[in-house]
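Participant: Given the sequences, and given the hints that come with them, work out the whole structure.
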Amino acid sequence: MEQNWHYTVYVSIAYMVVIYSIQQFMRTREPFKLRKSLTLWNTILTIFSTLGSYYMLPEMYDSFYLKGINNSVCIASTNSTAQYWMWLFAISKIFELGDTIFIVLRKQKLILLHWFHHILSLIYTWYSYGQNISLGRWFVTMNLVVHSFMYAYYAFRSMQIRIPRQIAMAVTTMQIVQMIFGFYVSAYAFYAKLSGQFCEIPLKTATFGFFVYTIFFFMFAKLFVNNYLCKLKINDCAKHEGSRNGTEKWIEDYSARKKKM
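Take 284 as the starting number for the sequence shown in this note's numbering and just add one per residue.
Keep in mind the hints are simulated off the structure, nothing from the lab. Treat the hints with care, since some could be wrong.
Stated by the list, open to error - Below, a list of computed lysine-lysine pairs in the DSSO-like style, where the Cα atoms sit at most 27 Å apart:
(1) Lys-316 to Lys-390
(2) Lys-350 to Lys-505
(3) Lys-316 to Lys-376
(4) Lys-390 to Lys-505
(5) Lys-376 to Lys-392
(6) Lys-476 to Lys-350
(7) Lys-316 to Lys-392
(8) Lys-392 to Lys-476
(9) Lys-350 to Lys-392
(10) Lys-487 to Lys-350
(11) Lys-390 to Lys-487
(12) Lys-392 to Lys-487
(13) Lys-376 to Lys-390
Facilitator: What follows is the structure, encoded as structure tokens:
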């Protein structure tokens, strides 16, 4: 991947073209339901993320809790199991683009956060993995843990299991916390490089990560405010509807139709 990360740029361009083409194709057609397929998709990603968390957390415990923050941020992992899951994680970012297919085929509103997050995550993951950076353990472990809960939540929702709103808030909060930690460890590595300390991450990669997590933090914070802190009337809050996850909106639309029957 060290020599091939730039292919993710081409993949991202193809991804945008395909998504736009499907949206145009669906303009005059009824949305697909895809409930069973969506449930299976979310379940597979839940299992993958949970397994990844199971294998990555011990390495994180050893490098961070036992050896300290500097070791976890500046010394690259030599654990073969962790390295294998970092590779799988990088590959999974391509497959996760499939999330968007379900949104556009079901004619849900595709928000900026969704596709931008997928593209930037894919590019940065492959870019940083190719350099075997020390921060890889942080980025991979945090994302896998959060996705374990996030995709499980989506799987239950797509199965029409009623989930308390507080759970959705907790999932988004976890995503925001992930961005805060990503911002912090990137800033730590950035400072270590500038101060001449040994840190196994190129300065430009630490800078890249710093800006990526800063952007994601503000985008997810805005999502949280729009979805859960909006104090306006329901009709006025409709302008924020696009910030909802496609799965959530599908469930709400389905429930509304059931009530009319």
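Participant: Are the hints correct? Go through all of them and say.
Facilitator: Status of each hint after checking the structure:
For a cut-off of 27 Å, the pair hint linking Lys-316 to Lys-390 stands: about 10 Å separates their Cα positions. At most 27 Å may separate the alpha-carbon atoms for a hinted pair to count; Lys-350 and Lys-505 exceed this at roughly 36 Å. With a CA separation close to 25 Å, the supplied pair Lys-316 and Lys-376 stays within the 27 Å bound. At most 27 Å may separate the alpha-carbon atoms for a hinted pair to count; Lys-390 and Lys-505 meet this at roughly 23 Å.
Straight-line distance between C-alpha atoms of Lys-376 and Lys-392 comes to about 22 Å, which keeps the hinted pair within the 27 Å bound. Among the hinted pairs, Lys-476 with Lys-350 is consistent with the structure: their alpha-carbon atoms are about 20 Å apart, no more than 27 Å. Between Lys-316 and Lys-392 the alpha-carbon distance is near 15 Å, which keeps this suggested pair within the 27 Å criterion. Taking the CA atoms of Lys-392 and Lys-476, the gap is near 42 Å; set against the 27 Å cutoff, the hint is violated.
For the hint linking Lys-350 to Lys-392, the alpha-carbon distance of about 46 Å lies beyond 27 Å, and the restraint is violated. Between Lys-487 and Lys-350 the CA atoms are separated by roughly 26 Å; this keeps the pair inside 27 Å, and the hint holds. Simply put, Lys-390 and Lys-487 have alpha-carbon atoms about 39 Å apart, too far for the 27 Å limit, and the pair is violated. As the CA atoms of Lys-392 and Lys-487 are separated by approximately 35 Å, the hinted pair breaks the 27 Å bound.
Proximity of Lys-376 to Lys-390 is assessed by CA-CA distance (about 23 Å); at most 27 Å being required, the pair is judged to hold.
Comparing the model with each numbered hint stated earlier shows that hints 2, 8, 9, 11 and 12 do not hold.
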